[in-house]
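Chains A and B, in that order, are what the protein sequence lines are. Counted from 1, the first sequence has number 379 at position 67 by this note's numbering; the numbering is strictly sequential. Counted from 1, the second sequence has number 68 at position 48 by this note's numbering; the numbering is strictly sequential.
By construction, these hints were calculated from the structure, which means they are not laboratory data. Be aware that one or more of the hints could be misleading.
Straight-line distance between alpha carbons at most 30 Å, and here's what the computed DSBU-like set of lysine-lysine pairs gives [what the hints assert, rightly or not]:
1) B:79 - A:325
2) B:77 - B:62
3) B:99 - B:77
4) B:126 - B:99
5) B:83 - A:338
6) B:83 - B:99
7) B:77 - B:89
8) B:126 - B:62
9) B:88 - B:126
10) A:325 - B:89
11) B:126 - B:79
12) A:338 - B:79
13) B:126 - A:325
14) B:79 - B:62
If you only want the chain B side, here are some residues facing chain A, beta carbon under 7 Å, derived [said to hold, decoys possible]:
15) 30
16) 31
17) 92
18) 104
19) 113
20) 117
21) 121
Which bits of chain B does chain A cover? Going by a derived footprint, with three or more residues having C-beta under 8 Å, they are [to be verified]:
22) 59-65
23) 72-80
Glycine included, every Cβ here is placed at the ideal spot set by N, Cα and C.
Next come the chains, spelled out residue by residue.
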Amino acid sequence: DAGVTQSPTHLIKTRGQQVTLRCSPKSGHDTVSWYQQALGQGPQFIFQYYEEEERQRGNFPDRFSGHQFPNYSSELNVNALLLGDSALYLCASSQTMEETQYFGPGTRLLVL
Amino acid sequence: EDQVTQSPEALRLQEGESSSLNCSYTVSGLRGLFWYRQDPGKGPEFLFTLYSAGEEKEKERLKATLTKKESFLHITAPKPEDSATYLCAVSTGTYKYIFGTGTRLKVLA
């Protein structure tokens, strides 16, 4: 049973560029959440997708956007990258009506 | 404002020396409280979900408990392989998830 997968594992971008990160949820899960984790900090909730719509959003600017596909996989897009966007980006999935989230290995983004 | 606070920030234990990690929270409409273990550079690994005050769950050397204001993660007779960052998180009535900053645990052989 495959767990949550994310791609790519690492990414280097320059300021002002745009990036797309991808996530496939755990088998049987239909809800996907995205988090940003800076070094030495806890994960910060970006948003959650359910039924292909953004259900809830954390305190992140509109530069952060997402999408969920009919197969429940998801993308996180970040526009106009800033140095401060450098972080580990985590995807987590869960089942409808279940609160427990399972995390993927993350994508390490470095903005130069 | 919804908030999760973990203490201590860092903890060093000798192998076999039991201790507890604390997670205090203030949230509107708690749906669940979660404990995760995170190794450096990796995604958090799920440990426990607690839903209501008085609930307890155990797994190997770990035991999680929940009250109306805080949760404890008790580590009994830890081993060096238990060294990691332990994260506490809550889910709110509006589907938001809030994490604490974690407790970095180091167990010395």
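For this session: Enumerate the violated hints, using their earlier numbering and listing them in ascending order.
Result: 1, 10, 13, 15, 16, 17, 18, 19 and 23
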